[in-house]
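So the sequences go chain by chain: D and R.
According to my numbering, the stretch in the first sequence is residues 1 to 301, in order.
According to my numbering, the stretch in the second sequence is residues 1001 to 1230, in order.
Calculated from the structure, these hints are not laboratory results.
Virtual Cβ for every residue (Gly too), placed ideally from N, Cα, C.
Warning: the hint list may mix true and false statements.
Keeping only pairs whose Cα atoms sit at most 20 Å apart, straight-line, the calculated SDA-like set for lysine to any residue is [to be verified]:
no.	chain 1	residue 1	chain 2	residue 2
1	D	43	R	1132
2	D	233	D	297
3	D	276	D	116
4	D	92	R	1103
5	D	276	D	297
6	D	92	R	1212
7	D	43	R	1162
8	D	92	R	1150
9	D	92	R	1113
10	D	43	R	1163
11	D	92	D	134
12	D	92	R	1097
13	D	92	R	1101
14	D	92	R	1098
15	R	1078	R	1048
16	D	43	R	1161
17	R	1212	R	1047
18	D	92	R	1099
19	D	92	R	1104
So the derived label-pair ranges between C-beta atoms look like this [as the list claims (entries may be wrong)]:
no.	chain 1	residue 1	chain 2	residue 2	range
20	D	48	R	1204	32 to 38 Å
21	D	177	R	1092	34 to 40 Å
22	D	223	R	1148	40 to 46 Å
23	D	132	R	1021	32 to 38 Å
24	D	41	R	1205	49 to 55 Å
25	R	1052	D	48	21 to 27 Å
26	R	1209	D	272	56 to 62 Å
27	R	1187	D	224	55 to 61 Å
28	R	1163	D	252	49 to 55 Å
29	D	47	R	1177	33 to 39 Å
Some chain D residues close to chain R (C-beta under 8 Å, calculated; not the full set) [as the list claims (entries may be wrong)]:
no.	residue
30	54
31	56
32	62
33	63
34	66
35	67
36	71
37	72
38	157
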Amino acid sequence: MTLVTQSVMRERFYATAAELLDVHDRLAIVIAEIGGSALVAAKSRHPHRVINVGIREQLMVGVAGGLALAGLRPIAHSYAPFVIERPFEMLKLDLGHQDAGAVLVSVGASYDSAASGRTHQSPEDVALVAALPGWRIFVPGHADEADLLLRAAAADNDRVYLRLAEQSNAAPRPIAPGHLHVERRGRDATVIAVGPLLDPVLEATADLDVTLLYATTVRPFDRAGLRAAAPRKNVILVEPYLAGTSSSEVDTALIDTPHRLLALGVPNTEFRHYGKWHEHNAAHGLDPAGIRARVLSFLGT
Amino acid sequence: MIAPVSILGYADLGRLMDLQLGDEKHRPSATSTLDVIWVLYDRVLRVAPERTTDPDRDRFLLSKGHGPMAYYAVLAAKGFMDVDTLRSFGRYDSPLGHHPDRNLVAGIEISSGSLGHGLGLAVGLCLGLRARQSPARVFCLVGDAELEEGSNHEAIAYAGRTGLDRLVCVVVDNRSSSLGWPGGLTSRFAIEGWSTATVDGRDHDGLERAFKAEHPRRPHAVVAEVEPKS
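With the sequences and hints as input, model every part of the structure.
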C-alpha cells in the first residue's frame, strides 16, 4: 500500500500565495488566525493585503466579499469547518448573492486532524459548496496540482473553493482545470477517482481491466469529459468526502447511457473516533483494500 | 404626472413611497430610515447616478435590507432609477424587491435582507479601498435589533481596534431590540475604540453634523434615534 503522509500542499499554498501577492497587486489574503505565522513575511511586505481578522470566521468571509466589491481578488483561508461550515450563509450571501468572487482555500479535508475530533472534521464541505450556484471546486491530489489550481483561481474573478489535504498521491498528473484526466483505459468499468484517492484507487484496481478517470475539478463536473471517455455500464465514483457528493453529476452526464453507479466516500454518520486520517480511510473502506473489496463485489467478480 | 428628477426633494418622498404598493410588511422599518438615508444622499455621500461604477465613489450599504421603500424613494428622487419603476415594487419582474439586490439596480451597493451582513462587507470594502488608496468612504446602516446578530460584533471589534476611519456605521434606533441594550448602543462601539454620536434621527442638520464629524484614525458610529417601532 502506498501511503504518502505529508502536509506539503498547505506549505506550498502559503509559499505560492506569498509569491502571488508580490506580483498580483489586486490579490489579498484574509485569514482568521489560522495560517498567520506562515504569512508573517508576506504581511510585512503587503500590510494592507494580508488581513488577519482574528478568530472571526463570519467576518473573514464578509471581508472577502467587501474586498471583492472594492475590486480586489480575495483569498480566504482556514480549516474547512471554519471557512465553509461556520460562515456558510456568508458564502451564500456575501459572495454568491452579491455576485462577488473569492477563492476559499481550506486545509484539514475530511479528517486530516482526526485526533481533534468531529469539530475539526469536515467531510460535508464539498457537498455544501456544491449546493450553492456558481462555484468551481478544486480537489487536488498533489501539491503541484494544488499550486496550478491556486494560480488559475487567483487569475480569475469567480468563486472558487480549493480543498487541500494531507493525503497526497505520489506523483502529480498533467491536469487541466475543469477537466477529467484519463489515467488509463479498460473494458469492465469506469472508475472516477477524486483528488488524493487516486493512488489508493490505482492500487485497488491494478489488476482490473477498468478505465480510470482522475478528477481534480469536481464543480462544474466535467460531464463532457466523462461522456467522451466512453463510459462502461459499471461506473464507480470514489470521493474523499461525503459519499455520493457527485453522484447526481455522473447520472446527469450519463442520462442517455444505461449504467449502474457505485459511489464510495465518507459515510454520513456521526463517527466518534480520533486517531489518524488513514485510520478513518480504512474504517470507511477508502484504503486500497476497502476500495478493492467493494469494487469486486459491485462487479460480481 | 411626477415631477422631473431634478426638482424632486424631501417633500416628495412620501409620495414616492406610496407608489410602492403591495403587501410589504416592513413599513415601520422603512419610515424609520427615511431621514437618515435622505440626509446621506442629499448632503453627505459623494455619489451620483452617472458614477455608479466609479471606484472612488462613496458607498452606502443598507445592511438592514428590511423595508427598503425609503431607500428606493431616495434613489428615485436622486435619479438612480425612474420614478415609474417604484410602481413595480415587489412584482415578479421588478428590480425592486422587499429586500434590495445590487445586481438589479445600478447604485445599490449590496444585496441585503438577512440581518448581520452589511458591516462585515463594509469592513472588507474599507480594507479594499484602503489597499487601492481610494479616498472613498463607506456608510453602513444597521438597525438596533439587527445588532443582535453576533456577526455585527465581529465587525465592530475588528473595525474599532484597527482604526478603520473611512467607516461610518449608522444605527437607526427605533427600539425594536426585544432585549434592549443595557449601557446604551454607543457603548458597544465606544469600548472597541469607535468615535460615537447620538442624534435625533429626524433632525436633518443634526444628522449632517454627526455624519460629517471628524473621527481621525477611528471608525464612527452614529446612533439615530427615531420614534419607537410600536
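So, going through the hints one by one against the coordinates:
no., hint, verdict
1, D:43 with R:1132, "holds, 16 Å"
2, D:233 with D:297, "holds, 15 Å"
3, D:276 with D:116, "holds, 10 Å"
4, D:92 with R:1103, "holds, 15 Å"
5, D:276 with D:297, "violated, 27 Å"
6, D:92 with R:1212, "violated, 34 Å"
7, D:43 with R:1162, "holds, 15 Å"
8, D:92 with R:1150, "holds, 18 Å"
9, D:92 with R:1113, "holds, 13 Å"
10, D:43 with R:1163, "holds, 18 Å"
11, D:92 with D:134, "holds, 10 Å"
12, D:92 with R:1097, "holds, 18 Å"
13, D:92 with R:1101, "holds, 14 Å"
14, D:92 with R:1098, "holds, 18 Å"
15, R:1078 with R:1048, "holds, 8 Å"
16, D:43 with R:1161, "holds, 18 Å"
17, R:1212 with R:1047, "holds, 15 Å"
18, D:92 with R:1099, "holds, 15 Å"
19, D:92 with R:1104, "holds, 17 Å"
20, D:48 with R:1204: 32 to 38 Å, "holds, 36 Å"
21, D:177 with R:1092: 34 to 40 Å, "holds, 37 Å"
22, D:223 with R:1148: 40 to 46 Å, "holds, 44 Å"
23, D:132 with R:1021: 32 to 38 Å, "holds, 34 Å"
24, D:41 with R:1205: 49 to 55 Å, "holds, 51 Å"
25, R:1052 with D:48: 21 to 27 Å, "holds, 25 Å"
26, R:1209 with D:272: 56 to 62 Å, "holds, 60 Å"
27, R:1187 with D:224: 55 to 61 Å, "holds, 59 Å"
28, R:1163 with D:252: 49 to 55 Å, "holds, 51 Å"
29, D:47 with R:1177: 33 to 39 Å, "holds, 37 Å"
30, 54, "holds, 7 Å"
31, 56, "holds, 4 Å"
32, 62, "holds, 2 Å"
33, 63, "holds, 4 Å"
34, 66, "holds, 2 Å"
35, 67, "holds, 4 Å"
36, 71, "holds, 6 Å"
37, 72, "holds, 5 Å"
38, 157, "violated, 14 Å"
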